[in-house]
Amino acid sequence: MIHRHPFFIEALTALGLIAARILLPYLHVAPDTANQILIWGLFGIGFDILFGYTGLLCFGQSALYGTGGFIAAYLLINDLISSVWLALIVGALGAGLAGIAVGAIALRRTGVYFAMITVAIAEVFFFLENSPLSAWTGGENGLPGVPTPKFQIGAFSYEVGTGWSMFGFLAACYFIAMALALRIVRSPVGAVLCAVRDNPLRARAVGHAVGRYKLTAFVIAAVYAGFAGGLLGVQQGFMPPDAFTFSTSGQLVMQTAIGGIGTLFGPLAGAAVWLILRDFLQQALGFGAIWKLVLGLVFVLLVCFLRRGLIGGLQDLAKRFVAPHPAAAREPTPVPAGKASALASLGPSRRRREASFSGPALEARGLTKSFGGLVANRDIDFTVEQGELRGIIGPNGAGKSTFFKMLTCEMRPTAGRIIFHGRDITGIDVAKVCQLGLTKSYQVNQLFSRLTLRQNIVIAALAERRGAFALDLLRRLDRVPGLDVQVESTLALVDLTGRADVPVAQLTYGEKRRLEIGLALASSPSLLLLDEPLAGMSPRERAETVQLLKNVRRGRTLVVVEHDMNALFELAERVTVLHEGRILAEGASAEIQRNSLVQEAYLGGDVSA
Amino acid sequence: MPTDPEAVSIDEIFSMITWPNFVSQFFNGLASGALLALISSGLTIIYGTLGVLSLAHGAMFMLGGYAGYVAFQATGSFIVAVTGGTLCLVAVGSIIEFIIIRRFYNRPPEDQLLVTFGIGIVIVELVRAVFGSLSFTVPPPAWASGTTPMGFLIYPTYRLVVTGIAAAALAVLYLVLYRTRIGMIVRAGIEDSTTVRMLGINVDRVFMLVFGIGAMAAGFAGIVNAPVVSLTPDMGDAILVQTFVVVVIGGVGSFPGAILGGLIAGEILSLTSMVDPAYSEVMLFVVMTLVLLLRPQGLLGLPSRD
Amino acid sequence: MEDYLRKNADWTTATNQVTPLGAADYSSYLLNVGNSGADVLINVNWGHDAVLSIQQANQFGILAKQKLVIPFEVPFLGREVGPELTKGVYAATDFSWTLEDRFPLAKMFVEAFQTKYNYRPQWGAENAYMQFALWADAVERAGTFYPPAVIKAYEAGNHNDSLVGDVYFRAADHQLVRPVIIMRGKEPGDMKNPEDFWEVLEVVPGERLMQAPDAFGCNLGPYT
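Chains as they are written, first to last, in the working numbering: chain U, 1 to 609; chain V, 1001 to 1306; chain C, 2001 to 2224.
A couple of the hints might just be wrong.
[Stated by the list, open to error] Below are the DSS-like pairs computed for lysine-lysine, each with C-alpha atoms no more than 30 Å apart in a straight line: (1) C:Lys2152 / U:Lys150; (2) C:Lys2065 / C:Lys2192; (3) C:Lys2087 / C:Lys2186; (4) C:Lys2152 / U:Lys292; (5) C:Lys2007 / C:Lys2107; (6) U:Lys405 / U:Lys432.
The set of hints was computed from the structure by calculation and includes no laboratory data.
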């Protein structure tokens, strides 16, 4: 997205709409077609936020479209509300409420199941409109007689007519809707939605209440759909029941895919292509009913080859002509010890205020996890004091990953309890645990792969600054208090400041590992679990990372699982050894190295040789 | 305001629940359930092995019907019609997998949904372009036409036959899956396709065959069902949603689950329509939603699947 | 219709089965129909519903026992259900191409249509053509496209000679007064060509068939 001037895109939108009004009549585009394009475009803005930005493919938008439309139409026809504006807003809000109900059910599942639940819900809404509620909705006849809006300023009154007069009204609505949407996607909520699309697991692990954000996106899409439905009734003077049909949802999905998913303007472009081609194919070329076949083929081809649709394709094309980013590959320098200590405390954290607890940082009592007949962890008692750097080693299959997953509450223990800073955290939500100050860095990188390095840290920092969930849809991202400081400190701590604006896909493996640790650090944890932080690193990278960990540990408690014995024994004061799901031994590094049981367990003899 | 001509009074509702009605609907449910089971096993095998939920599956059902119709028009033989329709769908399914689906295995599931959705639409519109929107009838074979008196009611013979045909087809499918080498590979692939690939088995060819078999199951059901309802280009749309419901209820990737789910769904649809047909599809969706919320893996599915 | 038959012909309703729009399976209803002991089955369904309900009525053996009557024939019904099912069935419709023998305008229309599209028109095409022609006529008489003026031209109640004979618009409710065609399905052996499903029995003038202008609560608003 081009961010040269704050309102560049909004200005372009306004200019585009005005230009369209002037040019389209000359291109023999019927006013009805232009109006329909605008309505579909507006309908799709919300859908694009849901699908393009949050990654939730929903085939049930028609349910909300129809709901909003019928509420607005009913209010206007029965003279319950005289102002068209007000009726539209009430319709949109009604659709939003329906969206909450529908989302609460559908969002319990993801991916394909979510998509199909939405199909089912769309069919149910269509059925409701047709049969039980037909007294209010007119059944298969719909609701005729929807009035057009009137404006009254003092003595001057203007009634919107049909045709190009309606275009002005709809264009104004579209502009407002787009400006709002741009605001939303640039807000912290918008950033979190992108994170949810990219890596919902990590979004939750850095402290965001992913479920609530998904519902937010769903309701946003519902409100836009409801408003567009109301506009449909106004534009046609009649609210049709086929607003509720599955083919309406299907058409929206196809138009958005054709225009460009995740571009906000995609639905408008797609609707333009769809409707103008439909008219052109039928009238100019005399194709008859085959137009849908042609458009279907276009859709399939685009999904296969131009994944980001027409606008996305144009954006990619434009990027080839823009100069490549000046952040060239630079050898990362190790962080000198002195500089790091000042950075080790990352900004004022909310958790510092509650840090007057003097007991152990983490305590696991009788922790057990069994998968059916397989017992991965058996009755583990494990205590880490505050400020300690504890190492955990064990041969493969010892149950280290399972143990970690239970500590971070990614997995429920079969038995036992976990106490963090004196607070029982057994079985609570991952995001909540992160907010309390316990985070993990993953053995296999869990990054937000479509974002830049800085954006990754921002996501984690947003959870730290704003808590698990905040509905700041209209706030600008750079206005979140303390965000910049948090992000810059984290970047400095993992020494990635110079590479901050590089997309994750272009980072080296070592940089990605540092980012992985950085993501965990950005949450300002008091206890940091590191799952094989040195995995896959070259000797030089290992040495740097060990130094990094030594810097990071100041003011924090660290628990590190590692296979690299030399590094681990250098780092950790105390080491716990896991074997076959149980604690085999625990003690100072030197003791453990000499422990014969440990050596036997590894079948490698003396480990320090 | 004139009374709503569609309003159904309580008396009328209860007048529908009679013994002949119940028995008739029970058999209806068996027939439609067996067919749904057949179509759904196709879908579940495809989804289980390839990981792709084919939104084009309804179109496959429809296409089988039309292919069979063409074969019937050419030869006048029902058997040829069924064989022709089925073979055509194996070919079509394999070709689609080879040309398009194969490129999507590494793409996110939403992309797969989109492309199969598009393929479904293209096939429907293609059929509409060639055959028009009017319906076509395929008469049942002479030995299965007419009615069968069943005590207090008369029931079309062919519907009874359909249940038998679908059951036989399911039995054949079962034999293929559980008693042949290729079936074992398919089942292994449902569990873990990576390992299967690492064992040196040409997974590409297997996948193509899987998609072909899945499409074939739907197409077979399409032509077998044609004498009951006439053929229209849109007949696959309702089937697609019902098929998915069956797969959800029975459990993804589970062949026995598809059978159980199919029978359950068929009976839900039929028995509810005895009371008030408008609600029968809704009832199905309610059951599906409940299953998804309470037992996400379905009745016979494995818990590990998302 | 029920009231009319009861009052004027002493018919009794054995059962009234209301089917939902778009139903695919009519077995429950047909079972009730079959068990009702009726002599005549009046099928008031539309489009594909009509096709399916008639086909399934046949499958359930009902058409063998009860006489089928179709108060409003849908286009292409003969082609879709086949002449075996339509033979002997009484139906009412808007148009049949066999009217070309009765009305010269119909003959012109049917010939032109068949030349262009290679099949004979059903009443859908006929209605579309006739309405368009009537509208063109009203516009010419009004001398403008301005809708209120055209409406008034319609309301003048001119009689036009059309594809089905004399028609005119009724000012009170803007309805077209036009004849209804009563037909009976031909035996398959009597069909002179593959589209010859129906034999026209009577062309009933529309005036005495129309309901009163306010029968459905019609309330014409202002002209704009």
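Quick rundown of the hints versus the structure:
1. A threshold of 30 Å between alpha carbons decides the hint, and for lysine 2152 (chain C) with lysine 150 (chain U) the separation of about 28 Å falls inside it, so the pair holds.
2. Annotation: proposed proximity of lysine 2065 (chain C) to lysine 2192 (chain C) holds, straight-line Cα distance about 28 Å (limit 30 Å).
3. A threshold of 30 Å between alpha carbons decides the hint, and for lysine 2087 (chain C) with lysine 2186 (chain C) the separation of about 5 Å falls inside it, so the pair holds.
4. Among the hinted pairs, lysine 2152 (chain C) with lysine 292 (chain U) is inconsistent with the structure: their alpha-carbon atoms are about 39 Å apart, more than 30 Å.
5. For the hint pairing lysine 2007 (chain C) with lysine 2107 (chain C), the CA-to-CA distance comes to about 39 Å; that exceeds 30 Å, so the pair is violated.
6. Note on lysine 405 (chain U) and lysine 432 (chain U): the hinted pairing holds, with a Cα-Cα distance of about 14 Å set against a maximum of 30 Å.
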